[in-house]
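K.L.:
With chain A's structure known, arrange chain B on it following the hints.
Number of protein chains: 2
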Amino acid sequence: MKNYILTPGPTPIPDFVREALSRPIIHHRTPQFQQILKEAMEGLKYIFQTKETVYIISSSGTGAMEAAVANVASPGDKVIVVEGGKFGERWREIAASYGMEVISIQVPWGQAVAPEEIESALKANPEAKAIFITHCETSTGIDTDVESIAKITSASDTLLVVDAISSMGVSPLLMDEWGVDVVVSGSQKGLMLPPGLAFIALSKRAWKWVEASKSGRYYLDLRKYRKAGEKPDTPYTSAVSLIVALREVVNYYKSNGIENMWNRYRRMAEATRAGVKAMGLELFATAPSNGVTAVKVPDGIDGVKFVKTMRDEYGVTMAGGQAQLKGKIFRMAHMGWIEEFDIIVGLSCIEVVLKKMGYKVKDGAIAAAEAVLFA
Amino acid sequence: MKNYILTPGPTPIPDFVREALSRPIIHHRTPQFQQILKEAMEGLKYIFQTKETVYIISSSGTGAMEAAVANVASPGDKVIVVEGGKFGERWREIAASYGMEVISIQVPWGQAVAPEEIESALKANPEAKAIFITHCETSTGIDTDVESIAKITSASDTLLVVDAISSMGVSPLLMDEWGVDVVVSGSQKGLMLPPGLAFIALSKRAWKWVEASKSGRYYLDLRKYRKAGEKPDTPYTSAVSLIVALREVVNYYKSNGIENMWNRYRRMAEATRAGVKAMGLELFATAPSNGVTAVKVPDGIDGVKFVKTMRDEYGVTMAGGQAQLKGKIFRMAHMGWIEEFDIIVGLSCIEVVLKKMGYKVKDGAIAAAEAVLFA
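Protein sequences, first through last, are from chains A and B. Quick note on numbering: numbering that gives the first Met the number 0 labels position 291 of the first sequence as 290, and the sequence is numbered without any gaps. Quick note on numbering: numbering that gives the first Met the number 0 labels position 311 of the second sequence as 310, and the sequence is numbered without any gaps.
Next comes chain A alone, as it looks inside the complex (with noise of 0.2 angstroms):
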């Protein structure tokens, strides 16, 4: 049976990242490694839309929120963090294991956090050292208005972090443009490697607050990257064959262009939305992202049968809903190595399968995502 991977982390991997990942090792510690790395960072720079340095840590998407928070704050600091969602959750879980006073913004699940709640946030609390906010909540397929809120927090002496590991080269975010301070992201989302890199990048005032920080910290300390980037180098070895890979990636992003990237991930969500929309089905996220597309089980249909039954006879693989959205939702994505035929395929395995379930499919789907798709 062939196997579809439709799900928001790991996705698909290219063939030329499979070939990549294949090669001989090579030393981390040798002039042909490091022009790699340094076009994997140069690259990683196109991609983050900035021009400070990004920075790869061997570890998942977690490691990057990790450092971000122990690295712009200190124990007892006061922070604040948008909970929208199981990765926005995250944030608070982090913060709190470092002894920081947390100052939560519940956002129900599936809603996106209106940036007037952002503004009162950092108004009744001015001495917050930094906000952390979640550009695509994959556990919601909520996607977060960045560009607003960056406007808000650019006037105010609180750091805006972005956690963007599941919206990094598949929804537009301008670091430099928007003046976001820090940005995180992973390998195995959009950028279509295994998972097992993390990136980070922090604006020239972001800086100042890690030279500050007090959080005990060693392999998350980013002034130990800071200081091996200007070679460039890592400063514990390198995973190399990932990042072998990643120089592949990133240069298929600089020859496809990443505006082109975003639109072409923009129109695989929109045409996935319409061909679940034809079905009869409603979405879950009132603000959509483009990465994932997260819809609700239909009333009488057992989603947590219904994903698996896809996965186990049908070899599509997409993830269902987690914690208080277990059974309730499923979430189809459209992100990493993905085109236009295999989001046809995700829409016919769901609408077969719903069929077999007994829920009375409406006709349209297909022809419905195909307009959207090959227009």
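Keep in mind that the hints were calculated from the coordinates and are not lab data. Heads up, some of the hints might be wrong.
[Said to hold, decoys possible] Pairwise CB distance ranges (calculated):
| id | chain 1 | residue 1 | chain 2 | residue 2 | range |
| --- | --- | --- | --- | --- | --- |
| 1 | A | Q323 | B | P125 | 21 to 31 angstroms |
| 2 | A | E339 | B | E18 | 39 to 49 angstroms |
| 3 | B | N259 | A | N250 | 40 to 50 angstroms |
| 4 | B | R28 | A | K276 | 21 to 31 angstroms |
| 5 | A | P13 | B | R222 | 34 to 44 angstroms |
| 6 | B | G314 | A | K327 | 51 to 61 angstroms |
| 7 | B | F340 | A | E258 | 49 to 59 angstroms |
| 8 | B | M0 | A | K325 | 51 to 61 angstroms |
All C-beta atoms in this analysis are idealised placements derived from N, C-alpha and C, irrespective of residue type, glycine included.
P.N.:
Frame of chain A; chain B shown alone:
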């Protein structure tokens, strides 16, 4: 030009690892991946020689070192470190970065710590939470007598934490039988994988200290790994491709038998030592490890140029000396996907380049090595 990697990490990776790395990605929360993770974790127990669970962290080896420090002690606690090289120093740096009080046993680089020194340090500091040692000190090629040290620590209330990053699977280390409390390792040394995975196992008494630790930590919080490990799962997205390849490596170890692997690495180390001594060169380490042989650069030879020439003109990559040993030693590794004829290639390159640089190499190195390798 063919390339030969004889560096102490990354080490060459076998074709079966390269093939595993190049497979299509699978999702990390599927029965298919869970089975792979289970086999990999079971196999690690065999390689670590322990009944305890061996946890997999997506990080370089340093991440697992930090996990050990942060989880067994708290800021303000007293800990003991043995510093006889770059990686012993790293233990001190990590503990200091967490605000621990560090008692340092200084050992001249190239010498092994005497178990009696450990005994005295423990007597003088019975309240020390843990003592941190390095099994194979990669920077000097020293092999530490872990078994004798474990006898001493087992009879005390101080935990023994061993950095086995470049000894695991190469030199005997019987975690349970010897009574070692914490063992950390990494993927890119004896385990013949690319860098990117770290491993850690803890004794039952070590877990008690983990519960009590007050260090700020999240990504490296071992309580999260223990909870996820029950399934088994990892608390954050697994580095899927590396773990798929890890399963192949643990199966390779199981089918060969770990004693045979240890013996083979020992024989290759002995052959290397016999070869370099036959050339008239001197070993740097007084207690040489089975993973890497450190050799003094003879008088009148530029050590940096020597290593560079082997690499750039002959395709044979070895390591030079680090920090205070820069230019003074070179290090030929014999671990990972290394076989008998790789030792011959390494020794041949050493004698060819030394001759070219004007050193009067004594005859008989290859014959001396062959006598050990093919006895």
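K.L.:
Does 51 to 61 angstroms hold as the CB distance between G314 of chain B and K327 of chain A, or does it fail?
P.N.:
holds, 58 angstroms
K.L.:
Do the beta carbons of R28 of chain B and K276 of chain A sit within 21 to 31 angstroms of each other?
P.N.:
The hinted range 21 to 31 angstroms holds for R28 of chain B and K276 of chain A, with Cβ atoms some 28 angstroms apart.
K.L.:
May I ask you to test the hint 39 to 49 angstroms on the CB atoms belonging to E339 of chain A and E18 of chain B?
P.N.:
Distance hint for E339 of chain A, E18 of chain B is violated at roughly 30 angstroms.
K.L.:
Does the hinted range 21 to 31 angstroms hold for Q323 of chain A and P125 of chain B at CB?
P.N.:
Given a distance of about 49 angstroms, which is not inside 21 to 31 angstroms, the answer is violated.
K.L.:
I want to verify a distance hint. Is the separation of the beta carbons of N259 of chain B and N250 of chain A within 40 to 50 angstroms?
P.N.:
The hint (40 to 50 angstroms, Cβ to Cβ) holds, given that N259 of chain B and N250 of chain A are roughly 43 angstroms apart.
K.L.:
Mind checking the hinted window 51 to 61 angstroms against the Cβ distance between M0 of chain B and K325 of chain A?
P.N.:
About 56 angstroms separates the Cβ atoms of M0 of chain B and K325 of chain A, which means 51 to 61 angstroms holds.
K.L.:
Could you say whether the range 34 to 44 angstroms given as a hint is met by the Cβ separation of P13 of chain A and R222 of chain B?
P.N.:
holds, 37 angstroms
K.L.:
Can the suggested window of 49 to 59 angstroms be confirmed for the beta-carbon pair F340 of chain B and E258 of chain A?
P.N.:
Taking Cβ atoms as reference, F340 of chain B and E258 of chain A lie about 53 angstroms apart, which means the hint holds.
Comparing the model with each numbered hint stated earlier shows that hints 1 and 2 do not hold.
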